[in-house]
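**Student:** Residues per chain are reported as follows:
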Amino acid sequence: MSKDVREVYEAISPADFFYRNREIAGFDNPVRATYTIVRELVENSLDACETHGILPSVYVSLTETGRAGVYRIRVEDNGCGVPKEYIPSAFGQILFGSKYVLRQTRGMFGLGGKMAILYGQITTHSSVKIISGTGGPVKYQCELMIDIQSNKPILLRGGIKTLPNPLYWHGTIVEFEFEGDYSRSKGRILDYFRQTAIILPYANISFITPEGIYYRFLRVTDKLPKIPKEVLPHPKGVDVELIKRLVKRTRSDRMVDFISYNFHRVGRKTALALLKRAKIDPNKDPKELTSDEIVKLVNAMKRYDNFLPPDASCLSPIGPELLVKGIEKELKPEFVYAVQRKPSSYSGHPFIVEAAIAYGGGVQPPKPGEINLYRYANKIPLLYDTASDVSFKVIKSIKWSRYRIDLEMPIAFFVHIVSTKVPYKTVGKEFIADIPEVAYEIEWALKTCARKLKSYLMSKIRRIAIERRVNVLEKYLPKIAQFSSELAGKNPSSIDVEKIIGRLRR
Amino acid sequence: MRREDVLARLREFGLSLYEQMSRGEFPRVKLRSRTLKNIVYDVESKQFVIGDKTVVRSAANLRQIKSLTQLIWVAYFAYNSIKANQPTTLRDLYYNAEAFGIEFEDQSESNEIVSDLETVLGIPREDFMIYPEERSAIFGDLVVEYTHPDPDYYGKRINLSSHPDGVMIGPALLSAEFVECNADKVIAIETGGLFTRFIAEKVHRRFNAILIHTAGQAPRSTRRFIRRLNMELGLPVYILTDADPWGMHIAMVIISGSANAAHITDLNTPDAKWIGVWATDITKYKLPTEPMDERDIARLEALRRDPRYKDPFWSREIDEFNRLKRKAEQQSFSRYGLSYVVDKYLPDKLALFK
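If you read the sequences in order, they're chains S and L.
At position 113 of the first sequence the residue is numbered 113 (my numbering), and the sequence of numbers has no breaks.
At position 237 of the second sequence the residue is numbered 237 (my numbering), and the sequence of numbers has no breaks.
Don't read these hints as lab results, they were simulated from the structure.
Note that beta-carbon positions come from the ideal geometry of N, C-alpha and C, so glycine has one too.
Incorrect hints may appear among the rest.
[As the list claims (entries may be wrong)] Pair ranges (Cβ atoms, derived):
no.	chain 1	residue 1	chain 2	residue 2	range
1	L	R23	S	R194	29 to 37 Å
2	S	R503	L	R11	22 to 30 Å
3	S	R503	L	Y95	34 to 42 Å
4	L	N80	S	R463	39 to 47 Å
5	S	R463	L	D266	50 to 58 Å
6	L	R11	S	G362	51 to 59 Å
7	L	M168	S	K499	44 to 52 Å
8	L	R28	S	R194	28 to 36 Å
9	S	R503	L	E145	49 to 57 Å
10	L	R28	S	K454	29 to 37 Å
11	S	R503	L	T54	20 to 28 Å
12	S	G362	L	K30	46 to 54 Å
13	L	A298	S	S397	54 to 62 Å
14	L	R23	S	R462	25 to 33 Å
[To be verified] A few chain S positions that, by computed beta-carbon distances, are all more than 12 Å from chain L:
no.	residue
15	L155
16	L156
17	E443
18	A465
Required output: the full structure, derived from the provided sequences and hints.
**Tutor:** Have a look at this one:
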């Protein structure tokens, strides 16, 4: 309250913002940072492949530099590559989202990868090395650092070098140093790779650890899930900020056109109805909207009930067939069944739930009180806070005995939710919130799998019973044939024991 | 039953299973149930008989196929024994099974299957030349002639008092013909000790009796032999056992048969008499006793529920045992001198049944 106190206001750059708030993005300590860096870079690589219909091959190596706690990471992919003119900003400038279209990708803005690079720079004060090719006769190489205060890339050693690309290679190599702790994040990182390999059976992923161990996760199928289409935002999911940005950008000069061109599943008729509710003149120029009118418009959109549900073509679920392949290749279960639910939506965001149950074989029984639950969101494995996740709660609430299933059996559950906006409960993005629509889809997906497992288990019990009977019959029937034939003075070969046993199998 | 008839029945049994199997069916056999529910005491013939309830043993049933296999093998074994004129024991059968890949948990299981075969065919195992381990013996002035097929013995005669330890009651004796008998009664004795004492004391001569050592519960062949002595020679039969529930029941089985052998008739001797040692004799003769243990008491309770013990005489003895809760052995008369039992007790008892 002193007179001497003066508030100091300053604008900060996005880079500066992340520098100050790095715990939000998962860089709060060396252990977590090591895991997050690996994961962010791998996910950027996978996105660079999948969104262009390329079967991903990703090579990750993590090496010790000789300086205590400092590692060098190198990630190479065979993705689309980055055109020369975008390389500096793609890796050296942190941008807030400028996407006005929605599509399911792993990270919305490619922010995570840049955060990883920034973290490396601030912990080791070293640069990042980039090599990228787009399939043309040349490829490019550069080293850069990020000017945190001005959020600008600084190219080092003479800028971007052009190198020959005789093999017409496309892809990107990113390499930099960071301060981390591999030995304590190792378990988590390996879990991440294993679980990623399950959800991406069409990817080759290699990982060389600082100890020199080479892990290879090989693709078992050449089938890629369909590439998601871009769609406009659904009106149920918009907020004031989004409308403001769209207004700034639009070339429409009438509100009715603005509304019907910029939102998903909104036509002229719906646009007019919305504007009437918001008491806005359909012929008004969007640029002249007042703040008050924008709020009214958002409220009208939220309350309007007659929108068509969001279209799921912007989503890219992997499908039951690939899910089964991935589970079979990594876990080698005795039984696995996967389902994909029909698209649904919550608050204007489309989502699809896919689930699978694997039983026996390489699936181990869970530790007492735990559940073997593999959770995925937009093809990313979620490794932390399992017990807080909606899937965990759904599994706990299902009456498994109805399906002759006991949670102590060797069973693994898989839940994959894909959405343009995954309903994470926290900024940590590690577990899914308890949204009723989502919980409902998960519940029915798992119940469908459970029914299949039940009938598998039942038929297995029947099969074992028949086998047991056949074994017993094969042991005794020939003897009965032998002794009764000898007693009767007949030839035992006129008795067909197999035929008698065959009566059982009918 | 004649040897040829027995062989024919065994062949028939084999043929019935053979035919079912060659038709592609699971072989099965029907036999009368030997469960306690199907065993009734027939007051008229004074013995246990098997009822009409039948059970099926089928190869289609996993719990029955093993015993069906054992059953056909036992038939095969019996057939070969008869063919070879080779008497065998239940124990021989049990051990021989292994050579044919037939498994029995223990001898009581194989004994049970032999009983099954008896039930299926209605033929006692003695006709299959299968006998228990013989322990029973006989001593007395009775001449028999062997009909045993072994040419070394066939047609030979023997006086059963010719060997001082007694003669074992086995297949040869069972099939022998009675030629001459100078005794006028049969005394069956539970323990070997008293049997030997009786021979030493010349009871056979003094009481003009044939002595039989039952060696505890009398084997079926012995019971059958006692019946023959009673029926064919018209000799009254007197039974002497320890004074306890077990001894009492040894007498009862000779008189009215056992539930175990209800599927075989004509093993019992309805007119035989239990002459002691009674519970009431314990007090009367002031015999040295031992307390009954739990098993004795339980056995006594079981006998009390048995319909054959409803008779006033038997239930009086049960009540007395129950009151005393003590038991005595046959040898306990020795407290009055070794010959007391022959000089005093036996005449007393026989006099009661004159």
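**Student:** For each hint, tell me whether it holds in the structure or not.
**Tutor:** Results of checking the hints against the structure:
1. L:R23 with S:R194: 29 to 37 Å: Hint violated: Cβ distance 59 Å, outside 29 to 37 Å.
2. S:R503 with L:R11: 22 to 30 Å: 27 Å, holds
3. S:R503 with L:Y95: 34 to 42 Å: 35 Å, holds
4. L:N80 with S:R463: 39 to 47 Å: Given a distance of about 41 Å, which is inside 39 to 47 Å, the answer is holds.
5. S:R463 with L:D266: 50 to 58 Å: With Cβ atoms ~52 Å apart, the hint holds.
6. L:R11 with S:G362: 51 to 59 Å: Distance hint for R11 of chain L, G362 of chain S holds at roughly 58 Å.
7. L:M168 with S:K499: 44 to 52 Å: 51 Å, holds
8. L:R28 with S:R194: 28 to 36 Å: 57 Å Cβ-Cβ, so the 28 to 36 Å window is violated.
9. S:R503 with L:E145: 49 to 57 Å: 56 Å, holds
10. L:R28 with S:K454: 29 to 37 Å: 36 Å, holds
11. S:R503 with L:T54: 20 to 28 Å: 24 Å, holds
12. S:G362 with L:K30: 46 to 54 Å: 51 Å, holds
13. L:A298 with S:S397: 54 to 62 Å: 55 Å, holds
14. L:R23 with S:R462: 25 to 33 Å: Hint holds: Cβ distance 27 Å, inside 25 to 33 Å.
15. L155: Holds, since 81 Å exceeds 12 Å.
16. L156: The claim stands: L156 of chain S keeps its Cβ more than 12 Å from every Cβ of chain L (closest is about 81 Å).
17. E443: 41 Å, holds
18. A465: About 9 Å separates A465 of chain S from the closest Cβ of chain L, which leaves it inside 12 Å; violated.
The structure is inconsistent with the numbered hints 1, 8 and 18, although it conforms to all the rest.
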